[in-house]
Structure formats: C-alpha cells, structure tokens
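Asker: So you can see what is in the structure, the chains are spelled out below.
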Amino acid sequence: MLFPTLTFAVFFAVVFSLNWGLAALAERSAGCERGFVALRKLVLLAASLVFYGWWSWPFALMLLASSVINHGFALWMAGRREPAGRLPVALAIALNIGVLVFFKYTGFLFNGAVAPLGVKVAGWLGRGDAWIAFLESAQPFLDMIVLPVGISFYTFQALSYVIDVARGEVKPARRWIDFANYLAFFPQLVAGPIVRAGHLVPAMENLPGTETRLDTARAGMLILLGLIKKMVIADYLAANLADPLFAMPEDFGTIDALMGVYAYTLQIYCDFSAYSDIAIGCALLLGFEFPINFDAPYFSDSFKTFWRRWHISLSSWLRDYLYIPLGGSRKGKARTYANLMLTMFLGGLWHGAGWAFALWGILHGALLAVERMLGRLISFRPPKWLARIFVFHVVAFLWILFRAGSADGMETFKGVLNAFRAVGAESKLPVTAGVAVLAVGFALQLCDGARLAWLTNRVRRWPVWVQGGLAAVVFTIILGLAPEGVAPFIYFQF
Amino acid sequence: MKDSKERNVTGRTAATGLAVFYALVVLMNAPAMEKNAENMDYGVARDATKALVRPVARLSAMFQLDFLRRGAARIRGRWLDQRDNRQ
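Those protein sequences? They're chains D and U, same order as listed.
The first sequence begins at 840 in this note's numbering and counts up one residue at a time.
The second sequence begins at 124 in this note's numbering and counts up one residue at a time.
In case anyone wonders, no lab produced these hints; they're calculated from the structure.
Warning: the hint list may mix true and false statements.
Straight line, CA to CA, 20 angstroms or less: simulated SDA-like cross-link-like pairs of lysine to any residue [unchecked claim]:
hint	chain 1	residue 1	chain 2	residue 2
1	D	1172	D	1161
2	U	158	D	1316
3	U	173	D	1172
Going by beta-carbon spacing under 8 angstroms, a handful of chain D positions derived as facing chain U [unchecked claim]:
hint	residue
4	889
5	1128
6	1130
7	1303
8	1312
9	1315
To be clear about the criterion: a stretch of chain U counts as covered by chain D if any three or more of its residues have a C-beta under 8 angstroms from a C-beta of chain D, and this derived list gives those stretches [as the list claims (entries may be wrong)]:
hint	stretch
10	131-144
11	182-196
Given the structure is predicted, the values throughout are model-derived calculations rather than measurements.
Virtual Cβ for every residue (Gly too), placed ideally from N, Cα, C.
All chains should be modelled from the sequences, with the hints used to inform the complete structure.
Answerer: Shown next, in the form of structure tokens:
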C-alpha cells in the first residue's frame, strides 16, 4: 500500500478511528479495560499486516514469524550475561542476517561472485561444461527469489532489539504482541525511519491513552510536506529529468547531464525524506513519536555532517551496532580509517545487492577517512559556503554510481560521464521548468528538522477544523500539480 | 505567552479535523475521482466507486468546488508538462 493513494487514505481513516475509539472505550468501561487495550493492540497489528499484506500475504506472515522468533530469542537471553548470553544473541544475529542475505544477496553473490569465479576454476579443472550446466539449472531457482519490501528495515529493527536486550540496555517486551507491533508498525515498516526498540517498545506496551495530546499541526505539516516532496517534486524530477538521462545518457550533452544528476540528487532526497515525513506524521496522529530522519543534508559543510543529517536512523544504527563494536576510533588511526571504510562498505551493500552500491559505500568511507585525516593534518578550513558547494557536488556525483547500481550497472555510469563531455550539445530537457523545480526541491530542506517550528507554532493556535480545512486545500493543490499515478518510493527496493 | 504545545488536542478533537479534511478533499476532488473511477478495471469496485462518487461530483461541479484542482492542473499543464521550451 502506497502512502499517496486513495486506498491508504481510507485505510488510515479506519485505523485512526479504531485506535482512538478503542482507547476511549478502554477508559470508559470499568472492568473490561484490559480487554479493550488488548483488542486495540490486536487492531494495530492487524492494520500493519493488512498494510504489508497488500503487497504479499506470505511475506506478511514471514514478518509475523520474524517477530515470534526474535521475541523468543530476547526472552531466552533476558537476564543472561556473557558468556552465557552469547549463544542466543549469535544465533539471533545469524538468523536475521541469514534471511536478509538469502532474499537480498543470493542472486548477487551467485551471479556476481560464485559464477564468474567458478567458471575460471572449472575451466582449470576441465569441467567447464558441467559448471555451465549447473549455472543454467540454478538460474530458475534464483529467479524465483523475490525481495520482500522493507526487509532491510525491519531486519535492522529486529537486530537492534535483540542486541539491546543482550547488552542489557532494553528489557524484552512484556508481551509478544508489543514487540510485534514495534517491528511491524505500518507507518515506518517499509522504508523507515529505523526506530529503536528502547524508544518504541515501551510506547507499544503502554499505548497512548485518550488524555494524550496530539500535535495535529506538526503531523499535518509533515504529511503535506512529504506529499509535496514526493508527488510534486520527486516524481516530476524523475519523469522529466533524471529518468530520460539515465535511460539513454548517450543522447544528452553537458547541460542535460548536469541537470539530470542534480535532478536525481534532489529526487532521492525528496522521495526518501517524503516517506519519513509522512511516516512520522501518521505515527503522530496515532499517538506515537518518531525521531527525525533527515535534517537538511545538502546544507552540510563536511561529509561527516552529511552522514549525520542523511537517513539519520540508518547512520546511527551503523554507528552503534557496527562502527563502535568494531572499535570505532578507540584503536588507533589506521584501525579508525579501516572501520570507517568497512562500515560504509556494508552500508553501501545494505542499500542494494550490486558492486556499484559497494563501491558507492567504499568511496563515502574513503571520503570520511580522508576528511578525518586532513582535519588532523591541516589547520586551514575553507569558507563554509565553499565547503557546502563542494560536499553537495561530490555527494551528487556519487549518486550517479548509486543510481547506476540500481539500474543498468556501470554502463549507465560511464554513459553519464560521457554525456558530461558533449560540450555544446543542444539541451533536450525542459530547462526552465526543470531549474525551477530543482530550486524548489533544494529549498524544501529549509522545512527539515525544527526549521519550521515558527510556522507549526502558529498553525497550532488555530482550531483543529481550520487546520483540517487548510490541509484539504493544500492537498487538493498538490493533487492538481502532481502527475497522474504514483511512482513507488525509491527506498522500497532496499 | 503560553507554549503553543498546550494547544495540542486529544484524539477525539483530532478526529474532527480529520473528518473536515476528508470531507473537503472529497468535495474538491470528486470530479477528478469520478474520472479516475472511469479508468478502473470493470467490476464491482469500479461500479461501487462510481456510484459513491457521482452524486458528490455533481454537487462539486454545480458549485464549482473543484476550481482549485482544475487551476492547479492548468498550471501543471502550462508550466510543468512542457517538454522543451524550444519546441
């Protein structure tokens, strides 16, 4: 189920009504309140399963199975301390990573590593024909593997739960359904933000009651902002600038290549941050608060700052569960740089099963390492505006690799680089409208984080029916400006 | 001055805002929704959607409530859907 659709609008209205209706019933009915609370939890879980099952019911059941297994591991390891607690946490990590690797990386590992290596080895052994026959017989099986939407996101949430329980930082959920609601909660289920167990499990155990004050102004503004980013900006940039360039880069010249790369840079920001904004807004209306996931990342004046502002929930996950356990910056300079590279390499692979994603991650890791090294060696600091322009352009250039990784591979990457060389070629893209939409997309970062607090504070003072009426007007304008149909969010594929 | 967060509302009050939002969205977009329903696959869903939306679409068209949607779509057509300024 996609957010900007009529189906989701109806679905959300039903879930919202049931959530608060059951909360009111629980508080009014003396004696049966526990039953109504249990029913409300069940309704939330059912809603999340319907939301996910809209794509695939078998995968919704797999999500349910994941919640049962991970909660089982958490109960097993609760109260245990190392070394007694090592076995369950190792098993839990192996199982979660194993499932992720099977669905996401089997094809990549087989076709990108095992098959080419095997051809050489079989050739030396004189068994080339047998190896090719094996590859042909294995291909139909590989083609049958379908990537479950959002598996990377909920696997990381499950891992954070079991690891935090093993570390003693989080207690296991009181009941399985509380953990299942944390893992499967529909607003952030398929594309984040990756919410930590310590934050959301307690909220799922003690559901917000009718006395909870909802910040409708902030929720409404986040949802509308997300819809503008996705339906007006991202979808326009994709259809009119980025997709044409990346589909046939040989047809375009320097200006178009530049426009196309800027377009993809802003498309991926608008697309992904839109999902997070809508997710945070929907959760707020249901009484749950998520942390922000984007904070004007293209205004960053260093690569370190960029990763603190881009997909914050993933960056902090990688820091807490990978970089720091690897030793972080505590084991010498060389080890720090290696840890940065390894963390970013795995972060790149998390995004997609392909060498282009891995290379994208390694290059970002190298940039972080070099920046850290130069920061220690040189006292000179460039002006902030210059640093911002530099960081933005390097990040934008690396997005070419990222986009190529999710499309036709390195040939697309080379094609776009060649397009930059075709100086003087006539522009084939809509320049005027394109530049205007790019400017708006870039400026929308001014709405990230707490930058719009002054407006939210003002809207909060209006009666709620005025807020609803104004939101309807803005939403109607968005619908009018948006192209017909809704493209899936980019991060669904990860 | 009072903290504006004190103006946050309960779920019940938020439901009023949400109801106003849904009602106005349907009123202002009903003709477009009817057009979209025309493009659905033949079947019960299409018939039901059309039957539900048609009366609202008539009301909306009668009072020109869809002027915002049409105006925004006109802007899109005039400015955003131009493939190339030179053509």
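Asker: Each of the hints needs a verdict: does it hold here or not?
Answerer: Now for the hints, and whether the structure bears them out:
| no. | hint | verdict |
| --- | --- | --- |
| 1 | D:1172 / D:1161 | holds, 17 angstroms |
| 2 | U:158 / D:1316 | holds, 17 angstroms |
| 3 | U:173 / D:1172 | violated, 67 angstroms |
| 4 | 889 | violated, 17 angstroms |
| 5 | 1128 | violated, 12 angstroms |
| 6 | 1130 | violated, 18 angstroms |
| 7 | 1303 | holds, 4 angstroms |
| 8 | 1312 | holds, 6 angstroms |
| 9 | 1315 | holds, 5 angstroms |
| 10 | 131-144 | holds (count 14) |
| 11 | 182-196 | holds (count 6) |
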